Structure formats: structure tokens, C-alpha cells
Amino acid sequence: MIAEKPEVASPPERRFWQIFVKFRETGIIIFIVLLSVLVTLRNSAFLSADNFRDILLNISILIIVALAQSMVIITRGIDLSVGSMIGLTAMMVSYTVTAFPGMPTFLAIPLGMGLGAVLGSLNGLIIAVGGVPPIIATLGMLSIYRGLIFFYSNGKWINAFQFPPEFRELAKGTPILGIPNLILFAIVVIISVFYFLKYTRRGRDIFAVGSNPDAARFAGIQIKQTIFTVYMISGILCGLAGVLWASRFESAQTNTALGFELQTVAAPVVGGVNIFGGSGNVLGVVLGGFLLGIINNSLTLVQISPFWQLAAQGLLILLAVVVDSFILRRLKRFSSKRKR
Amino acid sequence: MMAEKAPVIKIEHISKSFGGIQALKDVNFEVYSGEVHALLGENGAGKSTLIKIMTGVEQPDSGQLFFEGQPIHFANTKAAQTHGIAAIYQEPSLFPDLDIAENIMVGRQPMRRRGVDWKKMYQEAGTLLKRLGLSLDPRTKARELSVAQQQLVEIARALSINARVLIMDEPTSSLTQGEVEELFAIVRQLRASGTAIVFISHRLEELFEIADRVTTLRDGSYVDTRSMSNVTTEELIRMMVGRSLDQLFPKQDVLAGEVVLEVEDLSVDGAFSNVSFKLRRGEILGMAGLIGAGRTNVARAIFGIEPATSGTIKLDGKVVSINSPEKAMQLKIGYVPEDRKEHGLVLAMSIANNITLPVIAKFARFSWLNKKKETQAAREGSVQLEVKMAGVEQKVGQLSGGNQQKVVLAKWLGTKPRILILDEPTRGIDVGTKAAVHRLMSELAAQGMAILMISSELPEVLGMSDRILVMRAGQLTGEFSRAQATPEKLMAAAAIA
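Listed in order, the protein sequences are those of chains A and B.
So the first sequence is residues -13 to 326, counted in the working numbering.
So the second sequence is residues 1305 to 1801, counted in the working numbering.
Incorrect hints may have been included.
Stated by the list, open to error - DSS-like, lysine-lysine: derived pairs with alpha carbons at most 27 Å apart:
id: 1; chain 1: B; residue 1: K1423; chain 2: A; residue 2: K184
id: 2; chain 1: A; residue 1: K184; chain 2: B; residue 2: K1309
id: 3; chain 1: A; residue 1: K184; chain 2: B; residue 2: K1675
id: 4; chain 1: B; residue 1: K1382; chain 2: A; residue 2: K210
id: 5; chain 1: A; residue 1: K210; chain 2: B; residue 2: K1445
id: 6; chain 1: A; residue 1: K184; chain 2: B; residue 2: K1445
id: 7; chain 1: B; residue 1: K1434; chain 2: B; residue 2: K1445
Read the hints as simulated data drawn from the structure, not as lab findings.
Just so it is clear, the structure is predicted and the values come from calculations on it, not from any experiment.
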């Protein structure tokens, strides 16, 4: 008996479509180009180098945290406490920096990441060991960490004049080719996360656990450790983000990064990370964050009333997701017709 | 021949219970290197639990496990894996978002200094796939594979860890005859190289072909271990069910009535073309062929899931256009799909909700459900099909495969169809349930229902059908009456150009 073998050879004209379809980011890139063209028509300042630099500065912190959020989402989880973790580390690090003005300011970075690791590990323990559903656990921690900011600061803000002058250089310094540190940090995180997800076993386990938890168990993957890891990484990156936030805005407030979690979820979703887990990639998340940055920026440039900006922002995000899935579906259908 | 060496795996007096239900009672089992040892029993007899204990997924309540004569305890799957114990589970357990290569190597990806060595991974995966005669690109995502291909990828995974013990839980249930032969060739090759193989299948004829010894379980208890060479089919069935089954294929002879469904030159671009046949009242029309021959596509076209791109469908001589399952149901057509978990059932819902899903409107007045009526109907349906359950409120996901299949059937019978399309109705279910499903099909036909049955199991097609169609590569390649059909003729039509 002969079993039917799937055919492998394909005519060359099909290849182009296959590559085009397989490239998951096609839809979002089309949307970015479309939006850019429209905004430029209304206000040509959009395409200036200054504006571009401005957009990148605005999205650097978002992309750092959105990448952490993506890893959590890929394991079928969600981390709603990111805004509070950023706020708490920003406050604690700022306090330390202002209390010990003699301390080398770069130490603020490992300090913030260390603090974040503790906060994230706590989330990880509650979820991986305690078995509490991520959305509930992190919703609780969102309030607890935010409450700790008040407890720690007695409700007092730390303002620009209190910081040592070198502290602002952490985010705004331009040691290499005039590129601000903030953007460099984002680039380092992008590369590290890419490497981690693609080239380490633990990184691959993240996809396996999210794609099919039962199969992961059968395959001997350490599910609890994997889940713990993503929440801990989320904490570490939020710690980094907290330090950068305090440095960039030269303040630590009780409402620092309040509500930030929404954007950190929006960027991955716009960038094609499956909200039900299992798939997603770094490039998509970066593009998603970039798109959010362009949306915020362009709403100001085309002079939409500030009263409408939030609603317009939400509308554009929804539109991006719809356009993306529409294009994707169209392409898939087109290529599968050719396949047969 | 194997007396001088200790068995690779030996299980002594193992017991295990889950929440008060005794899954295993004092069970013994052993398998030697170079042996294919079959594990036999109805669904729910405890085979799956026994496997889970051998693979470290579950730990026994009492009893002892031995690995090469030494007492051992597998705390988790990783521990069992390091001892070279691999398992292929009944339902493909792949990662749909990962590609073939990674599915094979997951958790053991080849590493080099700078991390996962993707190039090597694709090379090794490609070699393994070739060994299994699969010409697939190892970069293909698992979600794009057919069920049969997924199963073969799992076998590749087991091969890749050079398993000392390979446990195969119904590896053949989703394979066609040809693929089964290929699989057996691989199993024999592994046996010759000294691998111990635990083989589970409900197809007894396969056990005679491949197994050396057989151990039977019934209701969680050990029945007996016998050599395959001196045991008969009847004995095996008796050991399994504790009574002898009447006929395995109880097809009643029914005089086929008038034509109810007529399909003319039906085509779906890229799937099948110019398929024509007639289906009569009271008839069971079998549809044989290899997986991927387009049989399921024909069923999906008739049921309106993937409407035909050309050709006509006539009901009672009148041309109808079926462009959605709703339309098909209005026309009294029922369809029981092949993959019950994907398309047939909502596992997280109760038995009652599943059964009444397609006919829910019947129990509603002004959009309010009459819960009592619904439960009543569900109870009747499940009693008719002898579903073994705690009650109709039980979640379907908790039932065994055979009982899930009965629920799917009850669901569609509740729509009172005149035409019922069954796609692999007994895939992966035990002999007892299988016989029940066959009896039911026969009764339904006797009551005048027209049944189109797609099946890759030749004995089933031959035993149950009044007439048999054969498809190959999207074409109808043969039609045989019950009297004409032989396995050779069917396979010739299914496989040879």
C-alpha cells in the first residue's frame, strides 16, 4: 500500500505570496505606511528627523515593557501590575538617589532591576506556585504595589530640583553617535529579548507552554519554572523602565505610569501576539509599539482636540487590528487557492 | 528467549485511584527489550492510567516500578524520559504554533555556544522525517498538518530520543491502511534494534500482526498475559469484555428505498471534482479511500461548511443549494465530523448542553430556555445510546473517547435527520462501544435513515456498507456492491492510479 505524500515542490510564482503571507507583519506595516502618508498630507512636519526622534523617545519605555508583557501573554498569561511596578521602582530608586547624592548614578539601573525582580518574582510565585489565575493575581498586585508607593512616599512627590544633575543623563545622555541613552536601552532590550526567545531553551519553552500546556507537561518541560520566569522578567524590565521613567521626566510621583498597562497590552496585540498565547514575535511587538507612538504623535500634529485624543487613539488601535487581520485573511485565502 | 534478562520495565501490584474512582487495582505488567507487548482493554479499563504511571505523569498509590530489575520511582515525565521512556499519546500532543523540527526536539533542542542551533535542528528533523518516509518541510507549523501527519511527527519525536521503551497509545487509529503498514515496518525495525514497545490498539487484527504478547485489563484489574501465537480473537474479546460479543458488524439487511440524495458532478476547487452518486432511504453507503483523498471535503460540501463550487445536489429529486450548515440542518441533513474535539463537541459544556446544541431553539420560548425540557431530551438521547456518565450535567471533557462519540451521535440524532453523514464514526473507540455504534447505525438505516459513512477501516466499510464508493486524489475511482467488494478491490481503487 502506498500512502499519499504531501507535495513539496511549488511553482516559483507561488513563493512570493508564501513569503508575503508568512511574514506576519505585513498588515501592520501597510497600516503604518498608510497612516504616515495621511498624516504627512495634513502636516509635513511629521516626516522631519526631529519628530521621528521624538516618536522614538516616546516609545522606548513602552517597547521595553511591551516586550515583557508579550512574553507573559505568550504563556497565556497577562501582567496587569506593570504600571504599578514601574511606579514603585521609580519612587524607591528616586528616593535612594536623592538620599545619597554621592552614589554613582549608574547604580540606579541595577538597583531598579533588582527591585523589579523581587516584585516580579512575587507575582510569579503567586501565579506559578499558588495557581492563581494571572489576571486576578496581577490585578491584586496592581493595587498592592500602587498602595506601597503611597506608603513608601507618604504621598510626597520627588521633583526635578531634588535629583542630582547626573541622574537625568541616564535617559537623556547621548554618549554614542548622539543617540539618547533611552533609545539605546530599548535597542539592547529588543536584542536581548529576541535572543532569549529564539536561542535559549527556556525561551522556546515559553512558546511551548503557551501553545499547548498539556503537551508541554508530556514533553517534560518545567511549566511552573517557565511561568515564574516570565513574570520575573516582567518585573526586571519594569524596574529598568521605572528608573528610565524617573530619569526622563525627572520626577517620581504617586501616579507615575498609572494606567500604563493598557498600552503595554495594546502594543503586542496590534503587533500580532496571539492574546490566547502560543505565538508572537519581537519584530511585531516593536512595530506595534511604533504604531502606537505614531498614533499619539499624529493626533497632536493633525490638531485633534485633546478631548477627543483618547477616543481617537482607541479607534485607531482597533482599526489597526481589524485591517491587519483583514489583510492577513485575504492573503491566506489567496495563497491557499493557489496552493491547490 | 528473554528469560535471562530482566524486563526493561516491570510493574508489580500497582494501584491508583482518582477522587474515589479506582483506575487501577493491583496490576502487573512487564515488557522486555526487543518485544512488542500489546495492552488491551476497553476504554476506561485503565490502560491510559497505566501508561501515565510508566511515563511519570502520574504516581501510583501503591505497588512498585522496576527499571531493568532495579526499583525506581519516576517523579515526573523528565525522569522517565532520561531513562529512555517515550510515549506517543492517543490524541496528538503537538505544539500547534511551533514548527515540526521544534516539536520533535522540544526541551532538547541542539545547542551550540551561542544558543539553540536551528540549522542542526532542521537537519536532524529532516533526516528523521525521511526515515519515516515523510517529505515534509521541517519548518512547517504543526497546526498546518493533518491528523495523520501530526501522529507521524510524534513518532519522529520518540525516535529522536532513542527510546529504550516506546509506548504507543493507539498510534494507528488515525492512519490509513498504507500508513499503518509503514508504521509497522518502523515498529519492527525498532524491535529488531532492541527497543521495548508497548502497543495499544483496538484493532485486534493489528495485534496479531505486530505483537508478541498481550496483557489484558478489565475495569482497572489485571486479567491475563498471553502469547499472541496461542490466543484467538474470541478469547481476547472475552478477556476484554468478560463476555463474548455477538457479531462485530451487525448489519441488518434492508431493502433500500427511493433515492433521497443525489449528487451530480459536485466539485470544490482544489479538493475534489466531478463526484456523482446516489444515496437511498435505508441504505448505508460506505466511502473508502486514503486520508487526504477528499472524502471529508465531499461531506463538508454536502453539509454546507465548504459549499461546492460547481455541480448540483438534489434532495428527493429537487435541486437544492446548501451554502451553510444551518441550511443543511433545515433540510434534515446531519453531519458527525471526524475530529470530535475540534468540530463535534464543546468539551467544557455539559452532556445535556452538547446534545441539545443544534436544536436549542426547540426548547426556547421567547428566547427563554425551558431547562427541564432540554434536560429531558438530553437524557433520552444519552439513554438511547447508552452513554456511561454520572448524569447529563457532567462535562463532556470528562468522558472517555467512546462515550464522547456517543454524545456526538446523540446530538445529531436529536435533530432527527433523514440523511446522516458519519465521518470516521468509530475512530479510536473500543470494541464494545464500536459494536454499539454499529448496531445503532444498522437500526437507524432499518428505520429508513440514509447514511453516508466515511471510514478508513476496511473491515468496517466492508462489514457495514450496502454499497461502497472509493475515492482517490479528489476523484471517485470505484463503486462496489456489498457482494462485489473485497479488501483487495477497494485498496486497488483507493491507491493505484
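For each hint, the structure was consulted:
A C-alpha spacing of about 13 Å is found between K1423/B and K184/A, which places the hinted pair at or below 27 Å, so the restraint holds. The hinted pair formed by K184/A and K1309/B fails the criterion: a straight-line CA distance of about 45 Å is larger than 27 Å. For the suggested pair K184/A and K1675/B, the alpha carbons sit about 51 Å apart, so the restraint of at most 27 Å is broken. Distance check on the hinted pair: K1382/B and K210/A sit about 14 Å apart at the alpha-carbon level, within 27 Å; holds.
Annotation: proposed proximity of K210/A to K1445/B holds, straight-line Cα distance about 25 Å (limit 27 Å). For the given pair, K184/A sits about 16 Å from K1445/B by alpha-carbon distance, which is consistent with the 27 Å threshold. This hinted pair checks out: K1434/B and K1445/B have alpha carbons roughly 17 Å apart, not beyond 27 Å.
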